[in-house]
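For this one, chain A is given, so just place chain B on it according to the hints.
Number of protein chains: 2
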Amino acid sequence: MPSKNDSPEQGDAPSKSEQTRALILETAMRLFQERGYDKTTMRAIAQEAGVSVGNAYYYFEGKEHLIQGFYDRIATEHKVAIRDVLARETDLEARLAGVLRAWLDIATPYHEFAVQFFKNAADPASPLSPFSAESEHARVEAINIHRQVLAGATKTKVPEELRDLLPEMMWLAQMGLVLYWVYDRTEGRERSYRLAERSARLTARGVSLARFRVLRPLVREVHDLFTDFLPGMTNAVPDPAKEKKEKKDKAGKTEG
Amino acid sequence: MPSKNDSPEQGDAPSKSEQTRALILETAMRLFQERGYDKTTMRAIAQEAGVSVGNAYYYFEGKEHLIQGFYDRIATEHKVAIRDVLARETDLEARLAGVLRAWLDIATPYHEFAVQFFKNAADPASPLSPFSAESEHARVEAINIHRQVLAGATKTKVPEELRDLLPEMMWLAQMGLVLYWVYDRTEGRERSYRLAERSARLTARGVSLARFRVLRPLVREVHDLFTDFLPGMTNAVPDPAKEKKEKKDKAGKTEG
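Chains as they are written, first to last, in full-length UniProt numbering: chain A, 1 to 256; chain B, 1 to 256.
Any given hint could turn out to be false.
[As the list claims (entries may be wrong)] Straight-line Cα separation of at most 30 Å, DSS-like style, residue types lysine-lysine; simulated pairs:
no. : chain 1 : residue 1 : chain 2 : residue 2
1   : B       : K39       : A       : K39
2   : A       : K63       : B       : K39
3   : A       : K39       : A       : K63
4   : B       : K63       : B       : K16
5   : A       : K119      : B       : K39
6   : A       : K155      : A       : K79
7   : B       : K79       : B       : K155
8   : A       : K157      : A       : K79
9   : B       : K119      : B       : K79
10  : B       : K119      : A       : K39
11  : A       : K39       : B       : K63
12  : B       : K119      : B       : K63
13  : B       : K157      : B       : K79
14  : A       : K63       : B       : K119
15  : A       : K16       : A       : K63
16  : A       : K79       : A       : K119
17  : A       : K119      : B       : K63
18  : A       : K79       : A       : K16
19  : A       : K63       : A       : K119
20  : B       : K16       : B       : K79
21  : A       : K39       : A       : K16
22  : B       : K16       : B       : K39
23  : A       : K119      : B       : K119
Worth flagging that the hints you see were computed from the coordinates, not collected in a lab.
For reference, chain A alone in the conformation it holds in the complex (with noise of 0.2 Å):
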């Protein structure tokens, strides 16, 4: 299940500042619900939160920013909810089933939400996109859980040199699954879980024939197309000399 908390990472109760953010997004959420993304002010935010247009102004800039914190806030749920199915299972198939399973479960409640808001979103040009400069930090996030996804699929082995394209392309793969989910009609978006379920599968035979070298141009080219295409996509894939580095800054600590 996935927890409730802003920051389940850390045992601590949440500061006086986190908790008023969390009320500022949390009613944000609502009015957005209620009234639709475009006819809901901040001053409306602010004021159903019970504090001043400044204050609300102090945690989020505007709208968009009160949706790249949705953003994060279902980035952080998804992490917690992914632990156990990532711990338990080794084959790349269940290891990304379950993660897409558990995106799902984690978004039921903002489905009729994520309708009317989607027309915002879709335009990649949008801050509101999933492919835009500023929702890099819950992109990053959601690419890293793909990476993990991958690196713990025991059997599965991985040419080096498509080791940070692939989790790309799994994620471009689960935002048309999100797409697809946004227009599910069906009842407990059950045709939104088979889509999860068939495309886990393909994407785990998908990344079986990578093994095969004459393909490997080719993936390379389709990641490319979408990076060259897609504006945010270029700021997506880390700068492995700099990850490196991180790893070395971090070492001594106990791996997971």
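For chain B alone, coordinates are given in the frame of chain A:
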């Protein structure tokens, strides 16, 4: 250049009835662009076109059907526009790039309309979606174009088992380009034209990999995933069993 004639296949002058139909369609497209799709009524279209409301409904059952008429017109113009490139080029990449470029050329005058119209068409359950049952006619026409693209690519060997799937996948890729184009704000949609080139190159590469037997099940699975989860796709694939049967029936054979 695309023909402005509604039925360019025939040499005859359009009948009175065809002229009225075209006039209503023309008027509707203009009003959709001026006032937006949602705010334009059949009554307003009839009035502007100088026909009775009953007459407008005689030609088009409703606004959705006007959009279908618009899709059909684009499909028809596209078919005419690509004759030269398909007659001239024998290379898959060049053929596909020509077809995609021609589509972008034809769609140019409708870009602004497409942007505001897209929120209605993005929902796969909407009759306006390119995946809907209602859009089947335009979709089948568009997929047939890709069938021609592939069939005339003399250097490209397409395995029998993928011959019906690939044109649909190529059309799906074209839908990706259309989605990109809707949100493309560059001067003259310059990036969309570049994406068309890249996409043609990548598709040609992908198709050439189909010679590797090990990949074919994956292509089939990707295709099956789309047909199982997009509403109109199953209608677009001709049933191979049925096709074979028809061929056999024609040949006077009895075996099943």
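Now the hints, each set against the structure:
1. B:K39 - A:K39: 20 Å, holds
2. A:K63 - B:K39: Holds, at about 28 Å.
3. A:K39 - A:K63: 11 Å, holds
4. B:K63 - B:K16: 22 Å, holds
5. A:K119 - B:K39: 18 Å, holds
6. A:K155 - A:K79: At roughly 23 Å apart (the allowed maximum being 30 Å), K79 of chain A and K155 of chain A satisfy the hint.
7. B:K79 - B:K155: 23 Å, holds
8. A:K157 - A:K79: 24 Å, holds
9. B:K119 - B:K79: The hint holds at about 27 Å.
10. B:K119 - A:K39: Given pair K119 of chain B, K39 of chain A holds - Cα atoms ~18 Å apart, limit 30 Å.
11. A:K39 - B:K63: 28 Å, holds
12. B:K119 - B:K63: 15 Å, holds
13. B:K157 - B:K79: 24 Å, holds
14. A:K63 - B:K119: 21 Å, holds
15. A:K16 - A:K63: 22 Å, holds
16. A:K79 - A:K119: 27 Å, holds
17. A:K119 - B:K63: Given that 30 Å is the threshold and the Cα spacing comes to 21 Å, the pair holds.
18. A:K79 - A:K16: 24 Å, holds
19. A:K63 - A:K119: The given pair, whose Cα atoms are some 15 Å apart, holds under the 30 Å limit.
20. B:K16 - B:K79: 24 Å, holds
21. A:K39 - A:K16: The hint holds at about 29 Å.
22. B:K16 - B:K39: 29 Å, holds
23. A:K119 - B:K119: Holds, because 6 Å separates the two Cα atoms, which is no more than 30 Å.
Of the numbered hints listed earlier, not one is contradicted by the structure.
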